[in-house]
Amino acid sequence: MTQMNMVQAINDALRIAMRKDERVVVMGEDVGKVGGVFRVTSGLYDEFGDARVVDTPLSEGGIIGAAVGMALYGMIPVPEIQFSDFIWPAYDQIVSEVAKYRYRSGGEYTSKMVIRTPVGGGIRGGHYHSQHPEAQFIHVAGLKVVCPSNPYDAKGMLLASIADPDPVLFFEPKRVYRAAKGDVPEGEYTVPLESAAVVREGRHVTVIAYGAMLYEALDAAQKAAEQGIEAEVVDLRTLWPVDIETIIASVKRTGRLIIVHEAPKTCGFGSELVSLVCEKAFYHLEAPPVRVTGYDTPFPYTLEMEYLPLSHRILPAILDTARAV
Amino acid sequence: MTQMNMVQAINDALRIAMRKDERVVVMGEDVGKVGGVFRVTSGLYDEFGDARVVDTPLSEGGIIGAAVGMALYGMIPVPEIQFSDFIWPAYDQIVSEVAKYRYRSGGEYTSKMVIRTPVGGGIRGGHYHSQHPEAQFIHVAGLKVVCPSNPYDAKGMLLASIADPDPVLFFEPKRVYRAAKGDVPEGEYTVPLESAAVVREGRHVTVIAYGAMLYEALDAAQKAAEQGIEAEVVDLRTLWPVDIETIIASVKRTGRLIIVHEAPKTCGFGSELVSLVCEKAFYHLEAPPVRVTGYDTPFPYTLEMEYLPLSHRILPAILDTARAV
Amino acid sequence: MTSAAHESIYTAALSDDDVVRVLGPDGSLDARNDPGLSPEEVVHLYRHMVLTRLVDDRLVTLQRQGRIGFHIGSLGEEAAIIGSAYALRKQDWLFPCYREFGAALLRGMQLERYIDNMFGNANDPVKGRQMPDHYTCKAAQFGSVSSPIGTQITQAVGFAWAAKIQKRDLVALTYFGEGATSSNEFHNGLNFAGVFKAPTVFLCRNNGWAISVPTERQTASRTFAEKGVAYGVPGVRVDGNDLFAVIAVTRDAIRRASAGEGPTLIEAITYRMGGHSTSDDPTRYRDKSLLDPWADRDPLARIKRYLDKQGWFTEAEEQKLRTEIDARLRDVVEAAEKTPAPSLESMFDDVYASLPWHLREQRAEVLAGPRAPSAHH
Amino acid sequence: MTSAAHESIYTAALSDDDVVRVLGPDGSLDARNDPGLSPEEVVHLYRHMVLTRLVDDRLVTLQRQGRIGFHIGSLGEEAAIIGSAYALRKQDWLFPCYREFGAALLRGMQLERYIDNMFGNANDPVKGRQMPDHYTCKAAQFGSVSSPIGTQITQAVGFAWAAKIQKRDLVALTYFGEGATSSNEFHNGLNFAGVFKAPTVFLCRNNGWAISVPTERQTASRTFAEKGVAYGVPGVRVDGNDLFAVIAVTRDAIRRASAGEGPTLIEAITYRMGGHSTSDDPTRYRDKSLLDPWADRDPLARIKRYLDKQGWFTEAEEQKLRTEIDARLRDVVEAAEKTPAPSLESMFDDVYASLPWHLREQRAEVLAGPRAPSAHH
Ligand SMILES: Cc1ncc(C[n+]2csc(CCOP(=O)(O)OP(=O)(O)O)c2C)c(N)n1
Ligand SMILES: Cc1ncc(C[n+]2csc(CCOP(=O)(O)OP(=O)(O)O)c2C)c(N)n1
Ligand SMILES: [Mg+2]
Ligand SMILES: [Mg+2]
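For the protein sequence lines, the chains are A, B, C and D, in the order given.
Those letters in the first sequence? Residues 1 to 325, by the numbering used here.
Those letters in the second sequence? Residues 1001 to 1325, by the numbering used here.
Those letters in the third sequence? Residues 2001 to 2377, by the numbering used here.
Those letters in the fourth sequence? Residues 3001 to 3377, by the numbering used here.
Excised from the complex, chain A in its bound form (with noise of 0.2 Å):
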């Protein structure tokens, strides 16, 4: 075991796959020499070399485009997209492409990859530096979609995707790049996708949250315990396929559901996962499922922290829901 940040979970894993597999390849903006504008990737292009580690012409489309020919091929590819913000002009490929190969082939081809990329706001990242966009991923049939919160997660839930036959975009909660520590075994394991975990506990409420905002649920949770509602806090960690078991186990336990996300409420992740409540629980609900998220505006900078759905505006959440009768 090693204390790690996130940053240094995620270098330690793609170092790992990259020993054991050759066909894992690394590639993007900035990824080489100078190891990825938040160093993720430092140190691989001095251990694999630029045929490995590829530092790319400025284009997501020409990235991914040609990590689905070098996944065709046989190989692992892992591009890196430097800013989720960034992934639009890569989109045309990752949906109509990377998503249906396997379907649309009947089988005979995959374009199975690894697209790591940051999300999410609070680091004065304004517009472009700050969005946190799964929901444009998660509606789209053939892609897996994971958002781990700590090191230890990241690196065993980037193996797992490594490993894993299908596509998946790996999101990397930028904000507690740094910020989130924790002990990480040496070597290679896996963190299963598809698991959630259930950080705390609770009978009042259920609180679902992923990736940065997991601490700010984590936050309120216990701040409203200090008020005598103990809040479940579930880490969905794999946000598609959804860990729907765990969601729905808890809410029947406790009959209330608030989902954070930093991502614009409307069409958010959040609103699917209502549904599939309601869908499978409807009948525990007491109160009506809440969603605190990000505003229906594009990202704003000064105001970050009054846009993004921190502990202060998850806690009247809790309390609300979990006193409303």
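Treat the hints as calculated values from the structure; they're not laboratory data.
Values in this document were obtained by computation on a predicted structure and should not be read as measured data.
Please note that the accuracy of each hint is not assured.
Stretches of chain C that chain D covers, calculated by requiring three or more beta carbons in the stretch to come under 8 Å of a beta carbon on chain D [claimed, not checked]: (1) 2219 to 2227; (2) 2231 to 2243; (3) 2286 to 2298.
Here are the simulated BS3-like pairs of lysine-lysine, each with C-alpha atoms no more than 27 Å apart in a straight line [claimed, not checked]: (4) 1020/B / 252/A; (5) 1181/B / 1223/B; (6) 1020/B / 3167/D; (7) 20/A / 2164/C; (8) 2288/C / 1033/B; (9) 1252/B / 280/A; (10) 3197/D / 3090/D; (11) 20/A / 2338/C; (12) 252/A / 1280/B.
Backbone N, C-alpha and C define an ideal beta-carbon position, used for all residues, glycine too.
Mind docking chains B, C and D with the ligands on chain A? Use the hints.
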């Protein structure tokens, strides 16, 4: 009043707008001499010439990027994307630029345009000529999203969209382009955006639909009526911002809700509607809200009529929901 | 832009000095670029071109009869497609646009499977999930046909680049129309191939049209080949209706790529003699007279004249070939038409490697629904 | 790719015959391309370049002090930016990348507003919604700074094209780095401009780097200017550290565009002397020695030497200028720093022209929340 189909009604609206305001420009692939692959822009090239009805190079990103510049200049571009399945190369311009221009410039600039594009399945189009991608636009703050179901609305809402100060995605349900016919007034009129229409009244269950699926919902409602169940059918017409009052009023009356859409279920617009109803009318709900939608697979070719949420799938949902206790 | 201007571009295009041509009007071969095919090879390729054309014919008929939903063919472009595919070595790969079934069949795809795809039946290699003419054939090292224009270009580059990283001698050839040169993918593909010297051959079928949009609306560059300059990728123009010339330039490009000299952009100048697809009516935007100069340059007729001159293929052989193909097509179509549709449950396979819970639920819903084979309605 | 190879590209770049240069090392002007500036004009531009550099300096300091969050500057690129902006006519428009505050100020943006943007305060033209260095100034006919690379390129083309449709004599100039030539937008912008002869000037600041990625990783083409070939757009290379040369080639491009001769691609060869932005540490990937040849070519020093030679700007004037700018900056920064943040409710304005119901609800929620000014916590 003249009998028109949707193609004719949209064509009529474009002609009226172009005659009235020379800032209106139509552009896209094959919109010129041939009048669009669905003939929606038929005759406009002859009347307005190739400076205002522009066949462009084969690049959706170029079309929308250039349209943004035209809008900044003060024109009112009405770009056509030949199939909504091909809108993704332009997604970066739409999400990062069109949607955010007013906000990010503090109101100095707007990128007002109406992006017309055919949507939906049932025409033997397979993967890439059948999709219905509203969710990926509704999630993005700053866009309006419209999807009329009949010629009258199509004309009136297209004219309203062109007059609207904000960018509008104008989705045209191609399966009923020619099948949906009706009386359409001559000359200019508008159907206000953000207003849904209750197209069939009923007291047992509310069915929300739009575009081509409206007809399936109506068919199912008709069959349900034969079994004594009265479904109220709401044609949303504008998807976002949605006419929340009409929806909530209806659900408060019926206590039961079904949402029908062609797009895949997960993170589809249906999930937002369920969540909104839970927020605003939870205690009126007498049964779990139900989504009857496309499945979470890419759009299939041979089995498209099994994939789509047609009447045969809506009817049991109506009956079950109405009878749930 | 008048159609006169358009025509003149074409006249110019074909008289330009920089266009490689081997098969002269008199049926002689220009020794400078002659690929040196044996009589057997020429006959083989001619037979294949005839097959391609007859398949095209038949499919258009089937579509008109409402028996298949759609077809997109290669009428007039057979030499560009079959010549370039023939130039590939065994280990090379092909990343298609949508008009290259002739290449797929040449590289080993079974005619039966192709026709199954036209019917979207249970034997269709892509399990009836895509439109007609959207198939795959991994056994033939032939990629996956997709509708979005250009996506295969960047993918071919990634494939070739991967082979290079793994030090395999393998070239990826990708097809696309001249319209696709306007796509993001052309730009990304060429740029990445240039920077990483990915062993790729870019085969642009300049057939004059992107549906109704003529070439001069696609670009202001003088030629498509010279777009390579922007990427440090050599470009070459070839008479795309000249089988010999196409083989020669493609072979050269493959040799260069294989030798580590990097990618090549080939502009094969040809002409789309039919509509864009069975959904299109070209008379709405294209004057029939525009076809006249190209009728003379028909790639099959040119080879036929050459064969006649050489005496390598008799009229009787021609008749026999056509009769055989007709009969074979009748059988294959009949079998495909009789083959049932894919099963209802197959709709949920292959979205992921295995079925997640939500697709299991959705499949169960369908199988319990009124349309399931077990349903008693 | 070694850094030696990289350096040699640069040495080559600047000795290439095809690079337009006016201001010689000896301070003489090459008459062939001399834009014929008056002494007042040269002094005016020099003063502005000094302002730009001192603003850059100050902002880096403020960032290091934690008083602003970010800055992205133009150190070493002032001549390329200010020369090209100066070449514009009154009616022309500018579509910026993110390094061109010098151009905005030259075209009339108030320094106060620019500094307000650095603080994201209530007076920021973009209402504190975007990062520092992401502002607009419609009054100066200066577009909107956006982060996604390249999007402004296609927009500039649309703007110029619209003006052309409406028969207004107006040229749109757009800035971008050489990294942006790899973006979809460069391809689309140049292609549309070529086809529609949109009166656009494409000003590519080739500053050697896209963050840590050197030019030779961006493209295999020999130059960026020659990428114009792919679009039928003439390209020209200019010494981007030579104010006179930049003005001359930009004026020529504007003249051509205005005369209906179409767009021009200008490659201004310059060098990014600092980090990419205050977030970057260039020592991790760039050998300091690479800066040496460029120190000599510093655009301010070159003009200063010229002014000295002409005797148009004394040392006392220089001192006075710097003192004045310092004082002014102190005041402006102080005022901006004191200005409050935008109001909470402003967060919901301008998403649409008017507030729809859901934003009214969300605003009400915020205003009833614990952080609202009215909250008694
Ligand atoms: C991204 C995208 N946009 C639009 C279309 C619709 N479309 C299909 S084929 C075609 C024209 C293609 O022309 P070209 O590339 O020259 O190929 P050709 O058909 O001539 O072989 C268009 C616009 C598409 N399939 N994909
Ligand atoms: C689409 C997109 N991808 C990635 C980035 C991150 N990024 C910001 S600046 C930059 C490098 C730009 O280089 P260049 O175009 O040469 O401009 P310069 O900074 O040198 O002026 C990158 C990769 C971005 N802003 N947008
Ligand atoms: Mg073509
Ligand atoms: Mg640069």
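Hints, verified against the model:
no.	hint	verdict
1	2219 to 2227	holds (count 6)
2	2231 to 2243	holds (count 3)
3	2286 to 2298	violated (count 0)
4	1020/B / 252/A	violated (59 Å)
5	1181/B / 1223/B	holds (22 Å)
6	1020/B / 3167/D	holds (19 Å)
7	20/A / 2164/C	holds (20 Å)
8	2288/C / 1033/B	holds (15 Å)
9	1252/B / 280/A	holds (22 Å)
10	3197/D / 3090/D	holds (21 Å)
11	20/A / 2338/C	violated (49 Å)
12	252/A / 1280/B	holds (22 Å)
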